[in-house]
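K.L.:
Using the hints, position chains D and Y against chain H.
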Amino acid sequence: MTFVLTNLVPGDPATANLGEQASSDPAAVAEYRRQHGLDQPLPIQYARYLEDLARGDLGQSQQSHQPVLTDLRAAVPATMELAALAILLSLLVGVASGVVSALHRNRLGDHVLRVLSLLFVSMPTFWLALVAFYVFFDQLGWAAGSGRLDPGVTAPANVTGLYTVDAVLAGQWFTFWNAVSHLILPALVLTAHTVGLLTRFTRSAVLEVLSQDYVRSARAKGLPERTVLVHYVLRGALVPVITVAGLAFGALLSGTVLVESIFAWPGLGGYAFRSATTFDLPAVMGVGLVIGTIYLFVNLAVDVLYGVIDPRARVQ
Amino acid sequence: MPSFLTRPSLVASLAACSAAVLSLSACAGSTADSASGGRILVIDTTFNLKSADPGRQFEPTGQTIGKAIYQTLLTFKGGDVTKPVPDLATYEQSKDRKTLTLRLRGGTFSDGSPVTADDVVFSLNRVIGLKGNPSFLLKGVTITKNDASTVTLTSKEPNLALPFILANPSLGILNSKVVRAHGGTETSADKAEPYLNRHSSGSGPYTLTAYSTTTQVVLQKNSKYTGPDDPTYDKVILRNVQTPTQKLNVQRGDSQIALNLSSDQVQRLTGGVKVLSQTSSDVVFLLLNQDESVGGVTADPKFNEAVRKGIDYQGLLQLAGKGATQPAGIIPSTFVGSLPPSEATGRDLEGARAALAAGGLKHPKVTLSYANDTAVGGLTLQPLAERIQAQLKEIGITVDLAPGPSATELDKYRAGKNQMGLWKWSPDYPDPSDYLVFLPGNLVGLRAGWKASADAELDPLVEKARLVTKSEERNAAYKEIQRRLNASGPFVSLIQPSRITVTAASVAGVEYNPVWTIDVADVRTS
Amino acid sequence: MNLRLLKRLPPACRRPLTLIGSGVALLWLLAGLAAPLLAPHDPLAQSLPRLAGPGRGHWFGTDALGRDILSRVLYGARVSIPLSLTVVALSLFVGGVLGGFAGYFGRRVDEVIMRVADLVLAFPTVILALVIAAALGASLQNAVLAILLVAWPPFARVARGLVLGLRSQEYILSGRLLGFSAWRSLRVDVLPGVLGPLLVLTALDIGNATLLLSGLSFLGLGAKPPIAEWGSMVADGTLQFDSWWIGVFPGLAILTIVLAFNFLGDALRDALDPGTAKTIGTAKEHAA
Chain H
1 MTFVLTNLVP GDPATANLGE QASSDPAAVA EYRRQHGLDQ PLPIQYARYL
51 EDLARGDLGQ SQQSHQPVLT DLRAAVPATM ELAALAILLS LLVGVASGVV
101 SALHRNRLGD HVLRVLSLLF VSMPTFWLAL VAFYVFFDQL GWAAGSGRLD
151 PGVTAPANVT GLYTVDAVLA GQWFTFWNAV SHLILPALVL TAHTVGLLTR
201 FTRSAVLEVL SQDYVRSARA KGLPERTVLV HYVLRGALVP VITVAGLAFG
251 ALLSGTVLVE SIFAWPGLGG YAFRSATTFD LPAVMGVGLV IGTIYLFVNL
301 AVDVLYGVID PRARVQ
Chain D
1 MPSFLTRPSL VASLAACSAA VLSLSACAGS TADSASGGRI LVIDTTFNLK
51 SADPGRQFEP TGQTIGKAIY QTLLTFKGGD VTKPVPDLAT YEQSKDRKTL
101 TLRLRGGTFS DGSPVTADDV VFSLNRVIGL KGNPSFLLKG VTITKNDAST
151 VTLTSKEPNL ALPFILANPS LGILNSKVVR AHGGTETSAD KAEPYLNRHS
201 SGSGPYTLTA YSTTTQVVLQ KNSKYTGPDD PTYDKVILRN VQTPTQKLNV
251 QRGDSQIALN LSSDQVQRLT GGVKVLSQTS SDVVFLLLNQ DESVGGVTAD
301 PKFNEAVRKG IDYQGLLQLA GKGATQPAGI IPSTFVGSLP PSEATGRDLE
351 GARAALAAGG LKHPKVTLSY ANDTAVGGLT LQPLAERIQA QLKEIGITVD
401 LAPGPSATEL DKYRAGKNQM GLWKWSPDYP DPSDYLVFLP GNLVGLRAGW
451 KASADAELDP LVEKARLVTK SEERNAAYKE IQRRLNASGP FVSLIQPSRI
501 TVTAASVAGV EYNPVWTIDV ADVRTS
Chain Y
1 MNLRLLKRLP PACRRPLTLI GSGVALLWLL AGLAAPLLAP HDPLAQSLPR
51 LAGPGRGHWF GTDALGRDIL SRVLYGARVS IPLSLTVVAL SLFVGGVLGG
101 FAGYFGRRVD EVIMRVADLV LAFPTVILAL VIAAALGASL QNAVLAILLV
151 AWPPFARVAR GLVLGLRSQE YILSGRLLGF SAWRSLRVDV LPGVLGPLLV
201 LTALDIGNAT LLLSGLSFLG LGAKPPIAEW GSMVADGTLQ FDSWWIGVFP
251 GLAILTIVLA FNFLGDALRD ALDPGTAKTI GTAKEHAA
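Residue numbers (my numbering), protein chains in the order written: chain H, 1 to 316; chain D, 1 to 526; chain Y, 1 to 288.
I should point out that these hints are in silico values taken from the structure, not numbers from a laboratory.
Fair warning: there could be bad hints in the mix.
Listed next, the in silico DSS-like pairs over lysine-lysine satisfying Cα-Cα at most 25 Å (straight line) [stated by the list, open to error]:
#  : chain 1 : residue 1 : chain 2 : residue 2
1  : D       : K177      : D       : K156
2  : D       : K417      : D       : K393
3  : D       : K145      : Y       : K224
4  : D       : K139      : D       : K95
5  : Y       : K224      : D       : K412
6  : D       : K83       : D       : K470
7  : D       : K83       : D       : K95
8  : D       : K393      : Y       : K224
9  : D       : K365      : Y       : K224
10 : D       : K365      : D       : K309
11 : D       : K139      : D       : K191
From the derived model, a few chain H residues whose C-beta atoms are all more than 10 Å from chain Y [unchecked claim]:
#  : residue
12 : H65
13 : F136
14 : Q172
Quick reminder that beta carbons are idealized off the backbone N, C-alpha and C, glycines included.
Next comes chain H alone, as it looks inside the complex (with noise of 0.2 Å):
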């Protein structure tokens, strides 16, 4: 399908992609169709493209000049690297809020909650990244600036890609900070939106299960308020949870795109958007590849945390 989809741009990449003097010299415009491949016709490209996808060759970018591959081996690692972080902070944020604002139903609490929440829904991604870079890095200085690492710096010997894994594999604990302190603020700010969308679900969720009569009796039996709110309540709200926070991580993604040019970083948000606004037909298509088996995977991650979570659902 990506293939299709890109194939039908108006721009033609010879032309996009060669200096103003050699687009016009015929010799120059053939030869980058040869070698790009655009001198067949459609279906031949295809089938090409899928023979050396079977391969594990996603071609070349018309842009860098490197193989795809290795390519996204430089921006996948970054965007999953701030997506990791920003998930796991909505999570532990967001449940938290979520339980506490059932749990504190129509009191002040709850209220205030829900307001923020709200709040951070509505909030436009890419507005909240330019405010708080001004704020933090312009204004205070807080804030390290833009990029994964200080400059002079070198990135961790490439293991993993992940800077701060790389780091504390490489016993690099200089590097280690400086790839924290860069990661943070882009993450709260990728955090924002996720957290609203939590704490909303998980407000729901918990006061549903509150309502349930197994919930209802345990407490008539008498049991510690304690106990049935982990081992009721929380448990069988975690489910739906769940299957936000695998949804969230797609928004997480999409926000990724939006904050990742205010912040220069070299993520995949970044690439999908250069690639595809200068018509790099084999990067636009190696982006969608990746983004779909990066869902593969969180889908797989929910699947098998439902196993976990509910004991049901392992039987099926």
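P.N.:
Chains D and Y in isolation, oriented as in the chain H frame:
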């Protein structure tokens, strides 16, 4: 399945991140020097980079990198592009200006081997054979080796521009043995690009140690460099940084040089930095299509006249800031052959309205196309287009703006489908002959629907400019051509924006060059 | 508002947040309608000092071309609000019809439509919309189209679920037995039962649509200059960090209108019976 997508790594990252969260307070910035030894120069720029292979790169950032890692036969001193000077070779041009003899004068590649005539022949022939972006530079030029240290370049017509062209980093000299060993050939079958994107293979003051087209490029001092003036910095890092961040970084001392700031952005700069505003050699111009079927009203000479007189050039310069100037013709004021500023067009509202009335043009409507992701220095075309729209409205011309990303807009522009276009021309080499492209039947002329021999008065002038062998006569001919262009051509030269370079107080020797932006080897500590 | 009238509203609609939400939404609607009267300047006039901070004469400051930000923010309401409403209305229509068909006819139709819906849902909305908008070329119409293409599946899901539930109801079965056409049955018997919940979902989605639309404009894939559009105004702000007012005020405009829409959507959802509210709730998170 790529290894980085496996679950263990995800779990590991989650664990690491949670550890990070627990100690948010410990994030402190660091200076560039603390992490590794030696003098480090950090340059922030918005990357326009596709390759580090000289024969394939022709983008601004590629030129800056190429200048640092490869030597060319001839070069320019600092920002003065009016006179080519020897780099790897000295030169001598025959009387008829058709033969250029180059004598090598030393030079050592980073692997210790000397630069020879074979390397020169290979490198130049490879540029031609690759049929890539810079191939046109040597169009019609034959390269012959005379002996181990002499090479002759022959052209069919007088080629006064050739010495200026040879300074282009795309024509950098490669170590032919090493490049051949990694798949290099003199034809389009060449496979050396991946190698040249990882290792440099030249005789320049720096070598390439890390390369990415999106994040950063790292250069290390070449210990085998034998050229003049040993570079000051041991390591140079070029980072791809958006302009607002460039400003903050240079202000905070995170970087020493910022290359793409606009005049608005440097207005409130603080923190003891130096601001260098120089006139760029990029010319921003309006294109009015002469092909009736594409342009309609824009093909009308009276409309043309009205636009020329209706634009408030000073109002445009206001947006471009200090250092910007209005070129009097299509050739930028910084090059030989340019018209004196006194001949520049001024605003004449009455004249513009009169021209429209004389042509019987009531409330003409046109569409202005441009690429909204194009920037000249720190200035994007976007505000210029919006201001032109407002200015032309005053004389009764309605302009619809049709911006788009370069990827689509360049295509239409190059196919000659713009009714009215806002574009820039950055020189390929600093010689007036590069501007012949604006003439009827030529590259940019055709984009304006200006077919060959569309203007009978221009042809003899062009013939003269092409064939004369004396610089003064040639410059005079180019001036005549530009006067004719100003009178009736389809292009309106608008502005030469300023090139603003912001440097830390500790840095000296930075000079803007229209071909390679800056020569990192020239940068010194002050 | 008359107190007695207030009491006739469902309880969810009487909450202070709902009232504030409707108040803000109403204010923006009025601001949009009356922008020519309210705006102190022509939103396109480049006559003021450039990059002036907020102050007398221009309360929200001016941008890089010397245009009044306040006037542009007010005029921006005329772009963002109607277009967001259009997007969700179209998504409602397309998603509702497709989902209705899928649920009513089942089998092949169901299979095909829901597969496509799942495929769309398998991509982050912004990234997919971005690729589509880039392929179509930057303009507001194309941005609307791109958002429509990524926004309809949640509607289709809800519509399908509701129709599946209704299809087995006796009155519809009896209608079919009486020989009414599928079209009549869909229109007369199914539509009324589906429309209410779908409209609530629509209300909940307006905020998202506004965010997505301004996001695309922020990326340069929506509004064309010199149109005053909030997302693209924030993008202008990213080029001029020092002049914070360029980006902050239009961002606040987006925030307040989205917040107001979300307050209203919540109230409508709470006014529904819990079962339906839950179906919609899940679909809503999908849409995000």
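K.L.:
Given the hint that K145/D pairs with K224/Y, does the C-alpha gap stay at or below 25 Å?
P.N.:
violated, 56 Å
K.L.:
Keeping to a limit of 25 Å between CA atoms, is the pair of K365/D and K309/D held or broken?
P.N.:
Distance ~17 Å between K365/D and K309/D Cα, so the pair holds.
K.L.:
Does K393/D lie within 25 Å of K417/D when you go C-alpha to C-alpha?
P.N.:
The hint holds at about 23 Å.
K.L.:
When you check the alpha-carbon spacing of K224/Y and K412/D, does it fall within 25 Å?
P.N.:
Holds. K224/Y to K412/D sits at ~18 Å (cutoff 25 Å).
K.L.:
Minimum C-beta separation from H65/H to chain Y exceeding 10 Å: can you confirm that?
P.N.:
holds, 21 Å
K.L.:
Does K83/D pair with K95/D here, judged by a C-alpha cut-off of 25 Å?
P.N.:
holds, 18 Å
K.L.:
Would you check the hint for K177/D and K156/D, treating anything up to 25 Å between C-alpha atoms as holding?
P.N.:
violated, 30 Å
K.L.:
Against the 25 Å threshold, does the CA-CA distance of K365/D and K224/Y hold or violate the hint?
P.N.:
Judged against 25 Å, a Cα distance of about 17 Å means the pair holds.
K.L.:
Would Q172/H pass as off the interface with chain Y, using Cβ distances and a cut of 10 Å?
P.N.:
holds, 32 Å
K.L.:
Take the C-alpha atoms of K139/D and K95/D, compute the straight-line distance between them, and say whether it is at most 25 Å.
P.N.:
holds, 21 Å
K.L.:
What's the verdict on K393/D and K224/Y, does the C-alpha distance respect the 25 Å limit or exceed it?
P.N.:
holds, 18 Å
K.L.:
Taking the shortest Cβ-to-Cβ distance between F136/H and chain Y, state whether it exceeds 10 Å.
P.N.:
holds, 12 Å
In this structure, the earlier hints numbered 1 and 3 are contradicted, and the remaining ones agree with it.
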